[in-house]
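Q: Single-letter residue listing:
Number of protein chains: 2
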Amino acid sequence: MTGQIDVAIIVLRQLATVPALSTLRVVALQNSKKTLLAQPGQALSLQDWKSQLENSSVSDLALDKLVSSLKELEASNQRHIAVIDNTSNDDVASFYPSFLEAGFSVVTPNKKAFSGSLDLFKAIEKANAKPYGPLTYQESTVGAGLPIIGSLNDLIVTGDKIKKIEGVLSGTMSYIFNEFSPAAGSSAKFSDIVRVARQNGYTEPHPGDDLSGSDVARKLTILSRLVPELADKLPEGFKSVDTQSLTPAGLAGEQDADTYMKRLPEFDTEFDQLRASAQEKKCVLRYVGLIDVEKNIIKAGLESYPADHPFATSLGGSDNIISFTTERYPRPLLVQGAGAGADVTAMGVVADLVRVAERRG
Amino acid sequence: MTGQIDVAIIVLRQLATVPALSTLRVVALQNSKKTLLAQPGQALSLQDWKSQLENSSVSDLALDKLVSSLKELEASNQRHIAVIDNTSNDDVASFYPSFLEAGFSVVTPNKKAFSGSLDLFKAIEKANAKPYGPLTYQESTVGAGLPIIGSLNDLIVTGDKIKKIEGVLSGTMSYIFNEFSPAAGSSAKFSDIVRVARQNGYTEPHPGDDLSGSDVARKLTILSRLVPELADKLPEGFKSVDTQSLTPAGLAGEQDADTYMKRLPEFDTEFDQLRASAQEKKCVLRYVGLIDVEKNIIKAGLESYPADHPFATSLGGSDNIISFTTERYPRPLLVQGAGAGADVTAMGVVADLVRVAERRG
Numbered sequence: 001m002t003g004q005i006d007v008a009i010i011v012l013r014q015l016a017t018v019p020a021l022s023t024l025r026v027v028a029l030q031n032s033k034k035t036l037l038a039q040p041g042q043a044l045s046l047q048d049w050k051s052q053l054e055n056s057s058v059s060d061l062a063l064d065k066l067v068s069s070l071k072e073l074e075a076s077n078q079r080h081i082a083v084i085d086n087t088s089n090d091d092v093a094s095f096y097p098s099f100l101e102a103g104f105s106v107v108t109p110n111k112k113a114f115s116g117s118l119d120l121f122k123a124i125e126k127a128n129a130k131p132y133g134p135l136t137y138q139e140s141t142v143g144a145g146l147p148i149i150g151s152l153n154d155l156i157v158t159g160d161k162i163k164k165i166e167g168v169l170s171g172t173m174s175y176i177f178n179e180f181s182p183a184a185g186s187s188a189k190f191s192d193i194v195r196v197a198r199q200n201g202y203t204e205p206h207p208g209d210d211l212s213g214s215d216v217a218r219k220l221t222i223l224s225r226l227v228p229e230l231a232d233k234l235p236e237g238f239k240s241v242d243t244q245s246l247t248p249a250g251l252a253g254e255q256d257a258d259t260y261m262k263r264l265p266e267f268d269t270e271f272d273q274l275r276a277s278a279q280e281k282k283c284v285l286r287y288v289g290l291i292d293v294e295k296n297i298i299k300a301g302l303e304s305y306p307a308d309h310p311f312a313t314s315l316g317g318s319d320n321i322i323s324f325t326t327e328r329y330p331r332p333l334l335v336q337g338a339g340a341g342a343d344v345t346a347m348g349v350v351a352d353l354v355r356v357a358e359r360r361g
Numbered sequence: 001m002t003g004q005i006d007v008a009i010i011v012l013r014q015l016a017t018v019p020a021l022s023t024l025r026v027v028a029l030q031n032s033k034k035t036l037l038a039q040p041g042q043a044l045s046l047q048d049w050k051s052q053l054e055n056s057s058v059s060d061l062a063l064d065k066l067v068s069s070l071k072e073l074e075a076s077n078q079r080h081i082a083v084i085d086n087t088s089n090d091d092v093a094s095f096y097p098s099f100l101e102a103g104f105s106v107v108t109p110n111k112k113a114f115s116g117s118l119d120l121f122k123a124i125e126k127a128n129a130k131p132y133g134p135l136t137y138q139e140s141t142v143g144a145g146l147p148i149i150g151s152l153n154d155l156i157v158t159g160d161k162i163k164k165i166e167g168v169l170s171g172t173m174s175y176i177f178n179e180f181s182p183a184a185g186s187s188a189k190f191s192d193i194v195r196v197a198r199q200n201g202y203t204e205p206h207p208g209d210d211l212s213g214s215d216v217a218r219k220l221t222i223l224s225r226l227v228p229e230l231a232d233k234l235p236e237g238f239k240s241v242d243t244q245s246l247t248p249a250g251l252a253g254e255q256d257a258d259t260y261m262k263r264l265p266e267f268d269t270e271f272d273q274l275r276a277s278a279q280e281k282k283c284v285l286r287y288v289g290l291i292d293v294e295k296n297i298i299k300a301g302l303e304s305y306p307a308d309h310p311f312a313t314s315l316g317g318s319d320n321i322i323s324f325t326t327e328r329y330p331r332p333l334l335v336q337g338a339g340a341g342a343d344v345t346a347m348g349v350v351a352d353l354v355r356v357a358e359r360r361g
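In the order they appear, the protein sequences are chains V and P.
Here full-length UniProt numbering is used: position 37 in the first sequence is 37, and no number is missing along the way.
Here full-length UniProt numbering is used: position 314 in the second sequence is 314, and no number is missing along the way.
Just chain V, same shape as in the assembly (with noise of 0.2 Å):
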């Protein structure tokens, strides 16, 4: 739902503010045309970093360039590194493992390296594997600032036995459907809510990028892998998932947003029915990811919900849900609230930042 530019500046003028931070330092900046870099012991000014990184005659250094030069940077001291990406790039995801290989933890909220091929992921947990050596930290990839990864890890690394994830993983999937499907029923039309939801910034570009489902394949993938039973099942990451896409079979393909916003209403009858046999059984629609670990099922799709659970009353604006069935967990651990926007994006990012900061060295 936001430009991942505006979680870099955010991340820093968190950082600018964070009190107790007096043991982390910024000691090298990079975007897409330029590398600033610390001098030897010092770090960089969190005020007018951006005019200065503008400023730098130094070009955006090939990520192995950087990697040497922050370790010359830092040879004298025995910090710890982190990289933080807040790209949402395919190319430094893969660069993930010599990173780590370099002792350079990776703080990122790019969900990329988690949700695709297998072959990264096991590359990168192996290069996690190293005692006190660096680690992934990756909070924000699902549902942003919310505590979903970090629950999900306690549970797991504690040894409890994860049974089912379910839950409301997109933003924009959720202001749809709780617009469309609220529990006291509505009569609105779906391409008028989809377009209110471009409108307002809500949808990428092109909508049809957002109800393809592949960004709630994409959560569902990073989910199910940190879930022993399920860590080799999705060999091609978020496309192994088996996800419904709410593009109309008569739309699919359609590259062009406005066209594709144009003929949308020709489809609204077939979400209308959707919605009205879902009513009958006194039921919402919501677009959902499921992880079923008994049943060995990875799935994205719509789902019909009671009008008193929880994915039906308690959700509102573009919140995501989660919820967490687990043998010690019975009855769900639910966690709610907004999951996209820079500003929560950047926080579970700091947040991270800050876990780093507190290993020492």
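No lab work stands behind these hints: they were computed from the structure.
Hints may contain errors.
Copies of the same chain look alike in the list, so a pair counts if it works inside one copy or between any two.
[Claimed, not checked] With a straight-line cut-off of 30 Å between C-alpha atoms, the simulated BS3-like cross-links for lysine-lysine are:
| hint | residue 1 | residue 2 |
| --- | --- | --- |
| 1 | Lys161 | Lys71 |
| 2 | Lys126 | Lys65 |
| 3 | Lys239 | Lys126 |
| 4 | Lys50 | Lys161 |
| 5 | Lys239 | Lys71 |
| 6 | Lys281 | Lys65 |
| 7 | Lys295 | Lys262 |
| 8 | Lys71 | Lys189 |
| 9 | Lys281 | Lys239 |
| 10 | Lys34 | Lys164 |
| 11 | Lys71 | Lys130 |
| 12 | Lys126 | Lys233 |
| 13 | Lys281 | Lys71 |
| 14 | Lys262 | Lys126 |
| 15 | Lys281 | Lys189 |
| 16 | Lys189 | Lys34 |
Once you've looked at the hints, dock chain P against the given chain V.
A: Chain P only, in chain V's frame:
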């Protein structure tokens, strides 16, 4: 709702099965009778610790002796030492500053140190402030393993402004009011519900200890002290919280639990009236803790919530629920799930220990 001894046992059971904890060793165990110390450079067995502890020739060492024994034991290496306090003891709690000053982190579900006098809390905070130094880890002090303390800390450390914290924070109170005042209405008697809760072991031996609200007041103290604006507000800790006791005035001071329970039905009409006036407004009753930062209010008591509020619909069993309303989350961040029980309490402790173990040394 559970004896603390269970938590200690389950912490050790979870630790024994934690896969990734090659960096974590248990080197000492202590209960109220005995102390068991590992051989230098060795770890204790997590399989037969019970008989080893029982047969240990070392009595329960005073805490200062324990500190020097641990220091001696670990003198030859650079490892980080953490003390786990699974008691609910005030004396152990008041020793935390000494543990921290000795360089040991403290991991605990014991609420006492964080909900008692402000002086003790300040001493702990001061000892926590050293860069890369030992820290207190206290996730399980509120909501057991639910991500509550961690989430609040993450919000604050990343610069969010907390506006309101509101929640059903006592599993016992949750059970009682989910039964007494469900969204669908009920005519059950208050005293009957308390009696069943007591029979099932959901209450303290004397139910007045739950109905006093002091457990909720302690949790509010713990949470409010993490909010910078409120850090100095409760000089006497939980005793300074505006707390509504549900023990009827006519039963106040009744020390004998059986007499208390026998006489409780005399007051059912009072509770019926409270429920009826909530039902008239289409509301349910919940015993909640409330922290309103802007209005400078910290209080525990009965409140009414509309029947479609998450506290009314979503809650069941003895679940806790907590909502954080902040500058970044104007629609609140919600966390819900079992908030008591040895398993989930131990989980919070072990997850905190894993965080300690990820730190270097």
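Q: Does each hint fit the structure? Answer for all of them.
A: Taking the hints in turn, this is what the structure says about them:
no. : hint              : verdict
1   : Lys161 <-> Lys71  : neither (40 Å within a copy, 37 Å between copies)
2   : Lys126 <-> Lys65  : within (23 Å within a copy, 42 Å between copies)
3   : Lys239 <-> Lys126 : within (23 Å within a copy, 51 Å between copies)
4   : Lys50 <-> Lys161  : between (46 Å within a copy, 26 Å between copies)
5   : Lys239 <-> Lys71  : neither (36 Å within a copy, 53 Å between copies)
6   : Lys281 <-> Lys65  : neither (60 Å within a copy, 67 Å between copies)
7   : Lys295 <-> Lys262 : neither (40 Å within a copy, 49 Å between copies)
8   : Lys71 <-> Lys189  : neither (56 Å within a copy, 69 Å between copies)
9   : Lys281 <-> Lys239 : neither (32 Å within a copy, 50 Å between copies)
10  : Lys34 <-> Lys164  : neither (45 Å within a copy, 42 Å between copies)
11  : Lys71 <-> Lys130  : both (19 Å within a copy, 26 Å between copies)
12  : Lys126 <-> Lys233 : within (17 Å within a copy, 48 Å between copies)
13  : Lys281 <-> Lys71  : neither (61 Å within a copy, 65 Å between copies)
14  : Lys262 <-> Lys126 : neither (48 Å within a copy, 62 Å between copies)
15  : Lys281 <-> Lys189 : within (20 Å within a copy, 34 Å between copies)
16  : Lys189 <-> Lys34  : neither (46 Å within a copy, 71 Å between copies)
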